[in-house]
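1 is the number of the first residue of the sequence shown in this note's numbering; add one for each residue after it.
Read the hints as simulated data drawn from the structure, not as lab findings. Hints should not be assumed to be uniformly reliable.
As the list claims (entries may be wrong) - With beta-carbon atoms standing in for the labels, derived distance ranges:
1. 62 with 26: 17 to 23 Å
2. 42 with 87: 22 to 28 Å
3. 104 with 42: 25 to 31 Å
Model, not experiment: these values are computed from the prediction. Where is the CB? At the ideal position from N, CA and C, for every residue including glycine.
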Amino acid sequence: LLGNVALATAQWAEAVTNFGKVVSMNRQFAPGYVGMGEALANLGLLQDSTNAFRTAIRLQPSNDYAIFALGRTLLRSSDQFGDNATQDAEEAVAAMKKHMELIGPTWAA
């Protein structure tokens with residue numbers, strides 16, 4: 001709860017701390033990694049953010065938001081750093097396609 005409040009109020013470092021406490025208590029709690037990924041992305045820590053999203057997806061492969069957020073962060077990372085731009089962009093497109101498959105035709109409603 002505190003991590004979500006910190007996210008909602010743009011207190012990114014506090015959110016990372018709070019979500020870190022959550023996942024240290026339950027390493028299998030995918031939403032904790034998603035929240036941590038969001039906070040890390042907002043701090044500009046894109047590699048750490050993608051790692052958090054990947055962990056969430058490993059724990060909960062059907063978590064469409066984690067898949068979407070991973071794709072978004074990979075695109076941002078490739079735009080910003082360009083080191084693995086092609087690989088990141090390809091992975092981002094694959095993540096976005098997976099997201100669309102999971103949410104189905106309701107996204108256009």
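What hint numbers does the structure not satisfy? none
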